[in-house]
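Colleague: The hints should help you fit chain B with the ligands onto chain A, whose structure is shown.
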Amino acid sequence: MQFWIIQGLNSLSLGGLLFLLSSGFSLIFGLMRLANLTHGAFFMLGTYFAATAMRTYDDLNIWVTALGAGIAVAAVGGLFERLVLTRLKANPLGQVLVTLGMSFIISDACLMFWGGDSIPVPTPPNLQSPTRVFGFVFPTYRLVLVGCAIATATLLYFLIERTRLGAMIRAGVDDRQMARAVGIPVSNLFTLVFCLGAGIAGAGGVLGGPILSAYPGLDADMLPLALIVVILGGIGSLLGAFIGSFIIGIIYTFGTALFPELAYIILFLPMIFVIAFRPQGLFGRVGT
Amino acid sequence: MAPEALHLANVHTFYADSHILHGVSFSLRQGAVLALLGRNGAGKTTCISTIIGFLKPRDGEIRLFGEPIEGMSPERISQLGIGLVPQGRRIFPSLTVRENLVVAQRGGAAVNPWNVDRIYDMFPRLSERNIQFAGTLSGGEQQMLAIGRALMGNPRVLLLDEPSEGLAPLIVAEVGRTIKRLKKEGQSIVLVEQNRQLALDVADSAVILNTGRCVFAGEVSELLRNEDLIMQHLGVFRAH
Ligand SMILES: Nc1ncnc2c1ncn2[C@@H]1O[C@H](COP(=O)(O)OP(=O)(O)OP(=O)(O)O)[C@@H](O)[C@H]1O
Ligand SMILES: [Mg+2]
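Chains A and B, in that order, give the protein sequences. The first sequence begins at 1227 in my numbering and counts up one residue at a time. The second sequence begins at 916 in my numbering and counts up one residue at a time.
Calculated from the structure, these hints are not laboratory results. One should not assume that every hint holds.
Residues from chain A that face chain B, not an exhaustive set, calculated with beta carbons under 10 Å [claimed, not checked]:
| no. | residue |
| --- | --- |
| 1 | T1380 |
| 2 | Q1403 |
| 3 | M1404 |
Covered stretches of chain B (chain A as the covering partner; in silico rule of three or more C-beta atoms under 8 Å from a C-beta of chain A) [stated by the list, open to error]:
| no. | region |
| --- | --- |
| 4 | 977 to 991 |
| 5 | 999 to 1010 |
| 6 | 1037 to 1045 |
Restraint-style ranges between C-beta atoms, simulated for each label pair [what the hints assert, rightly or not]:
| no. | chain 1 | residue 1 | chain 2 | residue 2 | range |
| --- | --- | --- | --- | --- | --- |
| 7 | A | L1508 | B | S940 | 35 to 43 Å |
| 8 | A | L1508 | B | T1126 | 46 to 54 Å |
| 9 | A | R1504 | B | D974 | 22 to 30 Å |
| 10 | B | A1088 | A | R1388 | 31 to 39 Å |
| 11 | B | R1092 | A | L1508 | 45 to 53 Å |
| 12 | A | D1343 | B | Q994 | 51 to 59 Å |
| 13 | B | N1030 | A | Q1354 | 52 to 60 Å |
| 14 | A | R1388 | B | G956 | 41 to 49 Å |
| 15 | B | S940 | A | A1316 | 33 to 41 Å |
| 16 | A | V1290 | B | D974 | 54 to 62 Å |
| 17 | B | R954 | A | R1259 | 35 to 43 Å |
| 18 | A | D1285 | B | Q994 | 47 to 55 Å |
For glycine and all other residues, C-beta sits at the position ideal for the given N, C-alpha and C.
Here chain A stands alone, though its shape is the one from the complex:
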């Protein structure tokens, strides 16, 4: 019984972390039709940012750090989109190569700057003590991550589906040329979307820091997870990314607990089945 409850809570917190990782990727892919393979590197930048900032300033709040990293990474992402990616419109192969290349550049720069050792990110002191759930103790911070994921999902949903700005972005997705003809500055809005997706990755990297630590190769560990979640949940669907994150959280946690030697098979097998039998993913719209 204890096994199921503790692993259940672990699944939830991993799901929360995966959503913070993959929602920005899903947003960019869904709205801009751009597979941003730099996403893992953006996440890692956030984690390194947190490692340095929170170790330099002892009582730095993790939420403030996440906000700062989010803004910094959003700015990096915005420059990258404006200066490079806008030139590669309608060239998916070029986008894949360039975003992958950019992620190599970022990870080498991180290695140069932060060295090869793993750097831990401190857990916020007020969240260090464990919480009792159904009589079992569980790390509070991991539960807070689930709350962060839910809050992020809710905010994104309102921004995209319930505001005029979100409607203008969706109009640009529906018919870019016609959106411009009614006065919508589509390419500026798409830069904004890219900044937002990158910023969420950066902030997610901070929030994931206490669990993952900053280390070389974090980007390459994270990118496939984001891809798995988004492919399973349905490309471009926020709900899909949300549900997909928790499904992968459950599969991975129980899979590795029960069959530790099969971890990667357990992780990638569902993705292969989805691609083969339901290419649009669980919640993706057909044809997108």
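Modeller: What follows is chain B with the ligands alone, placed relative to chain A:
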């Protein structure tokens, strides 16, 4: 003399290497309706696309109330005051009816600016569909929505590209009444139509295009006196 609302002079437009518009020139007076006519493939839509900025003219001038706009981006041209109801309507299918309108809203300097309520007054059918996805509307409703969306920007010049295409006669009549009403309110309009009767009924002046060249530009009354011209360039069947 007040500048023309819209003025094209010697406009040349290409699709890649194919030369489609060969020096098109015409003027629209403020508050007037100009019918842009011609057979299928004559270049009417190409002309509209050039005005709104989808296509950059390789030569020639386009002026909106005296201000040159050729070569600008569509969003800039829209902001300067040109509204487009495109051929095929092109409403945003995954947005609701209301969202289709609000994304195009722009107050500007209009005296009595359009807003969602005024559009719904004009097209009550749309208000019943308020939160429905626009892609689920009937063709006629989509056309009303496309017109409403263009008006939300309070355009100084409204471009209507075949607004009656593919609609049932009853709806075509409603489109005709709408255009007359807009004209009465002082809206300057360029109207592309295959439905010659609808167009000549409401228009003050007319331009006939044939393979990208103006073969007539003048008053409707003058055109109506010239049956040969109509037969030659607009008649669907003509025995040679
Ligand atoms: N995207 C395009 N690429 C190349 N040629 C095109 C393109 N669109 C239109 N044309 C050509 O340009 C010419 C003018 O087309 P246009 O659409 O302007 O005609 P139209 O007068 O609007 O006709 P319709 O009454 O059928 O709408 C036609 O010969 C057409 O084949
Ligand atoms: Mg046409």
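Colleague: Now tell me if each hint is right for this structure.
Modeller: Here is how each hint holds up against the structure:
{"no.": "1", "hint": "T1380", "result": "20 Å, violated"}
{"no.": "2", "hint": "Q1403", "result": "6 Å, holds"}
{"no.": "3", "hint": "M1404", "result": "5 Å, holds"}
{"no.": "4", "hint": "977 to 991", "result": "holds (count 3)"}
{"no.": "5", "hint": "999 to 1010", "result": "holds (count 7)"}
{"no.": "6", "hint": "1037 to 1045", "result": "violated (count 0)"}
{"no.": "7", "hint": "A:L1508 x B:S940: 35 to 43 Å", "result": "57 Å, violated"}
{"no.": "8", "hint": "A:L1508 x B:T1126: 46 to 54 Å", "result": "52 Å, holds"}
{"no.": "9", "hint": "A:R1504 x B:D974: 22 to 30 Å", "result": "53 Å, violated"}
{"no.": "10", "hint": "B:A1088 x A:R1388: 31 to 39 Å", "result": "38 Å, holds"}
{"no.": "11", "hint": "B:R1092 x A:L1508: 45 to 53 Å", "result": "48 Å, holds"}
{"no.": "12", "hint": "A:D1343 x B:Q994: 51 to 59 Å", "result": "54 Å, holds"}
{"no.": "13", "hint": "B:N1030 x A:Q1354: 52 to 60 Å", "result": "54 Å, holds"}
{"no.": "14", "hint": "A:R1388 x B:G956: 41 to 49 Å", "result": "44 Å, holds"}
{"no.": "15", "hint": "B:S940 x A:A1316: 33 to 41 Å", "result": "34 Å, holds"}
{"no.": "16", "hint": "A:V1290 x B:D974: 54 to 62 Å", "result": "58 Å, holds"}
{"no.": "17", "hint": "B:R954 x A:R1259: 35 to 43 Å", "result": "37 Å, holds"}
{"no.": "18", "hint": "A:D1285 x B:Q994: 47 to 55 Å", "result": "49 Å, holds"}
Of the hints listed earlier, those the structure fails to meet are numbers 1, 6, 7 and 9, in rising order.
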